Amino acid sequence: MTELAPALVNYDEAISRYEPVIGLETHVELGTVTKMFCGCSTAFGAEPNSAVCPVCLGLPGSLPVANRTAIEYTIRIGLALNCSIASWCRFARKNYFYPDMPKDFQISQYDEPLCTDGWLDVTVDETVVRVGIERVHLEEDTGKSLHIGGATGRIHGADYSLVDYNRAGIPLVEVVTKPVPGTGALAPVVARAYVTELRDLLRSLGVSDVRMEEGSLRCDVNTSIARRGSGTWGTRTETKNVNSLRSVERAVRFEIERQAGVLDSGGRIVQETRHFHEETGTTTAGRSKEEAQDYRYFPEPDLVPVAPSAEWVEQIRATLPEFPAARRARLQREWGLSDLDMAALRNAGALDLVAETVAAGASPEQARNWWLGELARRANETGADLAALPVTPAQVARVSELVASGALNSKLARQVLDGVLAGEGSPDEIVAARGLAVVSDDGALLAAIDQAIAANPEIADTIRSGKTAAAGVLIGAVMKATRGQADATRARELILQRLAEPG
Amino acid sequence: MASTELTRMTAAELAAAIASGETSAVDVTQAHLNRIEAVDSSVHAFLHVAPDAALAAAGAVDARRAAGEPLGPLAGVPLVLKDLFTTTDMPTTCGSRILEGWRPPYDATITTRLRRAGIVILGKANMDEFAMGSSTENSAFGPSHNPWDLSRVPGGSSGGSSAAVTAFEAPLGLGTDTGGSIRQPAAVCGIVGTKPTYGGSSRYGVVAFASSLDTPGPLARNVLDTALLHEVISGHDPCDSTSIDAPVPPVVAAARQADVSGLRVGVVTELGGEGYQPGVLGRFTEAVELLQSLGAKVTEVSCPHFSYALPAYYLIAPSECSSNLARFDGMRYGLRVGDDGTRSAEEVMSLTRDAGFGAEVKRRIMLGTYALSSGYYDAYYGKAQQVRTLIARDFDAAFEQVDVLVSPTTPTTAFPIGERADDPIAMYLADLCTIPSDLAGNAAISVPCGLAPEDGLPVGLQIMAPVLADDRLYRVGAAVEAALDQRRGHPLLDDAKGMKGEGEVGGK
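Top to bottom, those sequences are chains L and X.
Following my numbering, the residues of the first sequence are numbered contiguously, the last one being 503.
Following my numbering, the residues of the second sequence are numbered contiguously, the last one being 508.
So that you can see chain X by itself, here it is in the shape it has in the complex:
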């Protein structure tokens, strides 16, 4: 099979072709390494590419197949890992100078599960520093570029993973979602991304931003591939106390079912209207109409406290991050600045943190330190936790009436690099629609629902389901995807303007 063809196939197709011997895992891996070589200087999705480790892992899958051993449903399929999952054979930087060159002595639980499943890790993806941001512009190592338009952001913080998957550098990606960091980049890149139920996927070995929100999840170019990866990474992990000890929802079966007839779909009143790009609202409305035409019962549902989600999030997440990031003090690993024999440990800590952290990380550490301070705790952190409870109750009430909720994933399409870099509030608004599910811990997905007419860029449809009902996301997502692909006559990514010609980003 031609190299180009291998990079265009879905993960499910690749796994089938490897299992049948039609191609080999090594060939599939090499094809993707070639693709990375060809386009990543433009996309800058990767912080680290590991050709030797990837080819060795692929070779092991081929050997297992040759020995007649059973292979998992994604064995031999390449993947890009957001650079905050610990890996013993690759650096883990979290997009930060403070961890530059750090090589963890242990694998994250998810890294281990990927390896066991025979999934081939190509390398580590760029990200906003410590997952704080919505554009990858906060990466200490420079931004990634949106393959639809290289002058625009690929979203964030899992923007490297979403850009790599979009640019056919990898069929699968892993990210983490704290305020929308999987769904928002998936939406603006025109791919699929899921934030599983909090506790459904292990956080052990995922460098923490905000512990009560961080949720690892899958990214892929279609709903079924996303479900297959979701299943591989999910399930109880005794090393993560917040991991849920319950069966993994049947996400793959739901993606294959792709049927919404009779399903009750609620449109969230508060997530739409003013401040949303017209093309985003237009495509969203069409998607809702499409669901109705497919047999879903659509109603409007009000979640009155969602308007307070963003401010509550910007107290809770920074508070937790101010504590989680304290350990980066230059004493044990990573960057150390000013250790010249004349300075105290405290001075070295201070100099190291000043040099090692970027502006956005410092801003959030200061916000969080303030919010947790004696005398302010009740007014800020305490109040935000109360809002969080109210938002969870809004979801509970809504899910009494409907099976899933829908909204646009993000108020606008991909914005130009640099446009919001100096305006944190504008940047924070990118996560307006995704934050409620992070605060409540329920499952949510973004699936592409077309292009905004005004800029020709992808729009995401967000589907939200109750805690541990992740399968509903895939049922709805797959139905929308199938109907839109059929109407369009081809997959959305074929329309990507930035992807023209072999060797360029699109390489079609």
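So here's chain L without its partners, still in its complex pose:
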């Protein structure tokens, strides 16, 4: 598709003259055991079209029955986002033809969403931005189309298409923000921070596995810009296919640069759906919303209204967990960390890992050192997420405990972790199998020390004369002789003791 594309405007330049407004629509696949309106499994990765039945295939005569757990999860999300919960609302049919929609309509909610008018606070550069939540509603997912042949993997130009209806009918919650103005140059970062905070919140609620790469969390990003001081908002575009946190930030940034270019060259922004391209970080036009489809919404006559009682809502409220922001504040306090330390932990994706390692018995400092030091280095080497390393917080805690008790020194501890990462077993098994234990037997140490003193008489004299710093040379020799298994602290003590003895 050729597009008349004026040059992008440099980001700082664009921000100096234009004020962005962002908005986000996030789709979350709920982690219920069964689908929204039938008893089929929601498990990811099953054989195509194996988790289907007359209802989720939309066969003639079939009827939906709403999943109570999905409604409960939606209320949980609404409460966690400070929303009002409707005491009575209905599902609606959204009508449009598409092969991956079994009924050629989607059961969704229209003008009566289950949750409305809430907020989520996100922190960016020590500033709290309150993102307003317009609505949280419940709907069913569509099937998944796979377009075979053609260049782009999109339906246009494909030879044929395959549809997998396993996803059809999986409960999907849509969280829609209010427009977020006034974030200026931070708009892309705020967008990313919001999705991150929402993801962490949803995970803490236990309502979804929130995996962007598997599509259980999907994000559409709305962006508009208006000339600074104009007092108006611009026309927004809606960018789809934004499949990672990084892409959220990049998509907003690109749209600001692109829209500034269009406006600078005298053009106008068209309200349209745009497609984000991961490889290039750019967006291209999809269908125009100005010739928008008429979805002919009307209340779903096959379902009865949802009327959650006040008691039920309060019961759900009572089971809400500690939210991520509150938890972070508590941990930061408990661990005595600075804002900067805390931010580093979060950015490295190590917060939960450290918390679990501490919970398993390690000191906060040790846990942090392992995850941000040695383990972060290993993850970096392989390009994996920290959480994806084949080592558990409990195992890290055990290694940490062995070090604290003096059974391992830091060098040996790293070897134990090597073993764990290589899949050789638990830390204790590896210590036993590799024979990795600190030599703390004074007899064996003394023999090595005497050897070292004998081999380095001048150093020994220097130490005797009071310059104990020189002991390092002797410790090195002892460590070498014991192949690293000596307890360095004890070796130092014994060396000083030995040389202090009347010769």
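In short, the hints are calculated from the structure, not lab data.
Take every hint as true, because none was put in to throw you off.
Restraint-style ranges between C-beta atoms, simulated for each label pair:
| # | chain 1 | residue 1 | chain 2 | residue 2 | range |
| --- | --- | --- | --- | --- | --- |
| 1 | X | Ser293 | L | Trp312 | 53 to 59 Å |
| 2 | X | Gly375 | L | Ala359 | 57 to 63 Å |
| 3 | L | Arg327 | X | Asp354 | 57 to 63 Å |
| 4 | X | Asp89 | L | Glu322 | 53 to 59 Å |
| 5 | L | Arg68 | X | Gly101 | 35 to 41 Å |
| 6 | L | Phe44 | X | Gly59 | 43 to 49 Å |
| 7 | X | Asp245 | L | Asn380 | 57 to 63 Å |
| 8 | L | Arg211 | X | Gly382 | 37 to 43 Å |
| 9 | L | Ser87 | X | His490 | 55 to 61 Å |
| 10 | X | Glu347 | L | Asn49 | 21 to 27 Å |
| 11 | X | Asp245 | L | Ser84 | 26 to 32 Å |
A quick note: this is a predicted structure, and the numbers were derived from the prediction, not measured.
All C-beta atoms, glycine included, are put in the ideal place defined by N, C-alpha and C.
Given the structure of chain L, go ahead and fit chain X onto it with the hints provided.
Then chain X, alone, in the frame of chain L:
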């Protein structure tokens, strides 16, 4: 027992004869299969006959009886199923080319309940395409014929079921009522048909026309048989969210009670007068007088918003159908047209729907699509829903004063095939009296109340009761039936002109 005799018996009599061993379910089934073989080429009530499945089901009932197992009150009795109830062992076409040959992978809840009750499904009945029509002329597979006069319609949309029951091809039939599709064909065929309270009978596996209106219900040649079938198919179904979780009204007991003394009966002012056939009004008035003579207290009751029922219905039903019928797109099942490798999915959908749907279905899909469109929704669909509420309030107010309401079931007797085929509005008027109860969701029945003198064709009396008071229909219906049969000296169907001689439609 002779084959002819078996097809003339009531369902209750057949069940008793099978239970006592006087006859077998297989013999009863075979007798009806023979009857179908003999007359259905003239009546065309069936789209699909399933002799093997029917005889196997009958054999299973006989085996259960032989083993001493208890049998239900209709075990071994044959039945014809309107061709929109899903059946795993028979096609389900809804009278449409678009579903020709489709064999559902699941049974409707009602199909399952019938099978469990030992009822023998003979086959699938003809119907107006997707239940849209009042004559079966909208069937893609040709119309059914009224056994009273083969040149006339048997009503619709459940016209195949009503024709089969009338022609003694089956003692029981199942239909669905969305705007009158059980009561109107029952009325013009001279049999009994009930639209239960909405939600009283499960819609799971009933291919939808208009979800908020569709109500499956029984058809039979007498009130007691209708009640027996009503009871078998009713009750809460967790697979249908709109199914009512409440005890089934005691319809069979009410049919046996057949007593109206002291009952308050309201004649609806708005359902009568101009536009009604004189013979229909005459028989209706006699039926009201009969009720009075049987001890009912008759008053006239006004339901002022009933005059808006028909236009409201023709916005709500098409709106829902435009959405319900979207799934017939040639992608997953049924007809697919134009898939030659050069066309897009959208083009194939469009060609399939153009070829697969008949004119009336297309008309209603377009009406409904328009009524739901952005900018028109409030004026059409929204307004129609408000009218619906007003009609329900009319019923509520009326039932404060009376126990049941009565009216003619339909303004005219059976009309000739072809007469209204090109005049949709004239066709729609056939459901003038039945639509209010569909919109309000309350229960209603049609029972025969004699023949119109001018054409000798059956007239139906409609009785309407409050939501979940379905039993009152049977109390009143059975009383009227008993009194009329006694006065006449024989059942109404014995007078059917089109039914002469063995092998012909009547086979008397």
